[in-house]
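Participant: In case you want the letters, here they are:
2 protein chains.
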Amino acid sequence: MSDTVKQQQTRPERVAIIGGGVIGCGWAARALAAGTRVSVYDVDPDATRARLSQAIDIAWPAMAQRGLAPDADRHAWSVTNDLDQAVADADLVQENVPERTELKQSVLADIDARVAPDVLIGSSTSGIKPTELAAHATKAPGRIVVAHPFNPVYLLPLVEIVGNSATSQATRTHAQALYRGLGMKPLVVRAEIEGHIADRLMEALWREALHLVNDGVATTEEIDAAVVYGAGLRWSLMGTFLTFHLAGGEQGMRHMLEQFGPALKLPWTKLEAPELTDELIDRVVAGCEHQAAGRSVAELEHRRDAFLTDLLNLVERYWPEAEGLPDRI
Amino acid sequence: MSDTVKQQQTRPERVAIIGGGVIGCGWAARALAAGTRVSVYDVDPDATRARLSQAIDIAWPAMAQRGLAPDADRHAWSVTNDLDQAVADADLVQENVPERTELKQSVLADIDARVAPDVLIGSSTSGIKPTELAAHATKAPGRIVVAHPFNPVYLLPLVEIVGNSATSQATRTHAQALYRGLGMKPLVVRAEIEGHIADRLMEALWREALHLVNDGVATTEEIDAAVVYGAGLRWSLMGTFLTFHLAGGEQGMRHMLEQFGPALKLPWTKLEAPELTDELIDRVVAGCEHQAAGRSVAELEHRRDAFLTDLLNLVERYWPEAEGLPDRI
Numbered sequence: 025m026s027d028t029v030k031q032q033q034t035r036p037e038r039v040a041i042i043g044g045g046v047i048g049c050g051w052a053a054r055a056l057a058a059g060t061r062v063s064v065y066d067v068d069p070d071a072t073r074a075r076l077s078q079a080i081d082i083a084w085p086a087m088a089q090r091g092l093a094p095d096a097d098r099h100a101w102s103v104t105n106d107l108d109q110a111v112a113d114a115d116l117v118q119e120n121v122p123e124r125t126e127l128k129q130s131v132l133a134d135i136d137a138r139v140a141p142d143v144l145i146g147s148s149t150s151g152i153k154p155t156e157l158a159a160h161a162t163k164a165p166g167r168i169v170v171a172h173p174f175n176p177v178y179l180l181p182l183v184e185i186v187g188n189s190a191t192s193q194a195t196r197t198h199a200q201a202l203y204r205g206l207g208m209k210p211l212v213v214r215a216e217i218e219g220h221i222a223d224r225l226m227e228a229l230w231r232e233a234l235h236l237v238n239d240g241v242a243t244t245e246e247i248d249a250a251v252v253y254g255a256g257l258r259w260s261l262m263g264t265f266l267t268f269h270l271a272g273g274e275q276g277m278r279h280m281l282e283q284f285g286p287a288l289k290l291p292w293t294k295l296e297a298p299e300l301t302d303e304l305i306d307r308v309v310a311g312c313e314h315q316a317a318g319r320s321v322a323e324l325e326h327r328r329d330a331f332l333t334d335l336l337n338l339v340e341r342y343w344p345e346a347e348g349l350p351d352r353i
Numbered sequence: 025m026s027d028t029v030k031q032q033q034t035r036p037e038r039v040a041i042i043g044g045g046v047i048g049c050g051w052a053a054r055a056l057a058a059g060t061r062v063s064v065y066d067v068d069p070d071a072t073r074a075r076l077s078q079a080i081d082i083a084w085p086a087m088a089q090r091g092l093a094p095d096a097d098r099h100a101w102s103v104t105n106d107l108d109q110a111v112a113d114a115d116l117v118q119e120n121v122p123e124r125t126e127l128k129q130s131v132l133a134d135i136d137a138r139v140a141p142d143v144l145i146g147s148s149t150s151g152i153k154p155t156e157l158a159a160h161a162t163k164a165p166g167r168i169v170v171a172h173p174f175n176p177v178y179l180l181p182l183v184e185i186v187g188n189s190a191t192s193q194a195t196r197t198h199a200q201a202l203y204r205g206l207g208m209k210p211l212v213v214r215a216e217i218e219g220h221i222a223d224r225l226m227e228a229l230w231r232e233a234l235h236l237v238n239d240g241v242a243t244t245e246e247i248d249a250a251v252v253y254g255a256g257l258r259w260s261l262m263g264t265f266l267t268f269h270l271a272g273g274e275q276g277m278r279h280m281l282e283q284f285g286p287a288l289k290l291p292w293t294k295l296e297a298p299e300l301t302d303e304l305i306d307r308v309v310a311g312c313e314h315q316a317a318g319r320s321v322a323e324l325e326h327r328r329d330a331f332l333t334d335l336l337n338l339v340e341r342y343w344p345e346a347e348g349l350p351d352r353i
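Those protein sequences? They're chains A and B, same order as listed. Note that the first sequence covers residues 25 to 353 in the numbering used here. Note that the second sequence covers residues 25 to 353 in the numbering used here.
These are computed hints drawn from the structure, not numbers from a lab. Treat the hints with caution; some may be incorrect.
No distinction is drawn between identical chains; accordingly, a pair holds when it is met within one copy or between any pair of copies.
DSSO-like mimics (lysine-lysine), calculated; alpha carbons at most 27 angstroms apart, straight line [said to hold, decoys possible]:
| id | residue 1 | residue 2 |
| --- | --- | --- |
| 1 | LYS153 | LYS289 |
| 2 | LYS153 | LYS294 |
| 3 | LYS294 | LYS163 |
| 4 | LYS163 | LYS289 |
| 5 | LYS153 | LYS163 |
Source: prediction; values computed, not measured.
Isolated chain A (complex conformation) (with noise of 0.2 angstroms):
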């Protein structure tokens, strides 16, 4: 696919949001900041109404700060317990309903029988495989999608987007360009996994988190100073790979798993590590180096450190110290 297709957007001009909770909120400020309008359905429509207000009066500032569309219109919702009126004249529809898997697969079918074949529908699940969600629509089960956001929705830009067995290129591309007009990286996962990608890496961490705890080594508070103060300051500006890619020194990662590799056989978690074959080496160097594109170590490096220190200074504002509470650590 030519980064031109992958740069496409197409603004959705309305969007139905099935299930107002927190993340159907999310989802609901985050399309009025685009200028989308907005239409919630929710089988108590007053509560709703009521959060949803309480969700954007919360979430504008922060959104009005980030960039609101020109004519985003933080007024231009309603909400229905109607299905057919909420999906009306909608070309996206994003399903939010409680993570149960016979329930969502009911609701999608719903919304298939009720929504032209060419608009797309996306679901909010965290884990559940998008075969499985699509499996009791008859009309076009091929656009039904996974389009998993990360909370807070109207902030946070990661959404997951896969495709079930009947989807085609063409509707993929079509999400990718949609979720980018909401202003969204969206990105296209190409095998239908248990908890998709970004949920099973947080996952890894959060149980080994949990047998810290269990196990009595550390308190909660601990081991997310252990994040916050460290590892966790680089994951904002880079992932997993290109950090050990740097920590490799001018060799990169290729250095690095020559160093680091033979830890991988240590009890250095509960979660057995794959075997590090020739092929497996070569796959995560050749990605590094695609990711680096060209720039060296050094490069990546001084371009590192000057982002550090901007948010050292950022979150030093943040950190809990800066409120006057005792350090964490």
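Starting from the known structure of chain A, fit chain B onto it as the hints suggest.
Facilitator: Chain B in isolation, oriented as in the chain A frame:
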């Protein structure tokens, strides 16, 4: 331990750095910025001098932007291959030789024999337990502790302090004060476990990421993007526990565990999660409530959103697209 004790700082006046690689040079730069004099021991002094000089050139502008000590002198360092000379008069010795247990044991025993019993000896080991490290020391093994920093050492504040079986509480407190004196956040780890705390968390994420690459699910770039544009943004402010506390709505962590606890049984990672017993739930919930320090979830959310807004405005100047590179995703 009272907060007053925790906050104590004692700037070391002279630090001996044993081993002048990337980590050793990082320690040296940090110490110089704090106004401390630095003596580096390395078997190859000429190469080390060149490397350290370059490292200081790179680190100094970033450290200057963070704030130097009034008496900081970027030239207050020397390199020698004479261990006696390197450690003479040091009030902190920091060992950074290659990560081989026998080598570190031998070097640490050599240092222990040469310095007064009240001089703290910190090892930068990523994963070796301190009691093992101190095994060959005979003079005052209790003052040999793990003091594990994070790359780049001159910017990231976290240092994990792990005492060995002979380390007194007074020594731990003294170690905290010394590393605070170098502008760091010392996290005292209460148990000796492989990988301490932070590396276990990073390793868990890293191992899962390697599985994803190995299974052909995603490229390194896609996995990094899943961190950078999503969870990574939150992790510089809050760790995994406080983040999930906020994902639980007004009920916080307890509600979150009710809602997403069952996912621990799902194959979302290659890592098996611990059983979510009532005791573990209580421990996690109590930890988060302590961290919240009386602030409601809504207050914490407001603070998080203000931070994320500033951070997003910052990282956009550093993410690849700011350099005119194609979007990662």
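Participant: Would you mind marking each hint as holding or not holding in the structure?
Facilitator: Structure-based check of each hint:
1. LYS153 <-> LYS289: between (32 angstroms within a copy, 16 angstroms between copies)
2. LYS153 <-> LYS294: both (26 angstroms within a copy, 17 angstroms between copies)
3. LYS294 <-> LYS163: Answer is neither; intra-copy 45 angstroms and inter-copy 36 angstroms both fail.
4. LYS163 <-> LYS289: Classified as neither; 50 angstroms inside a copy, 33 angstroms across copies.
5. LYS153 <-> LYS163: within (19 angstroms within a copy, 60 angstroms between copies)
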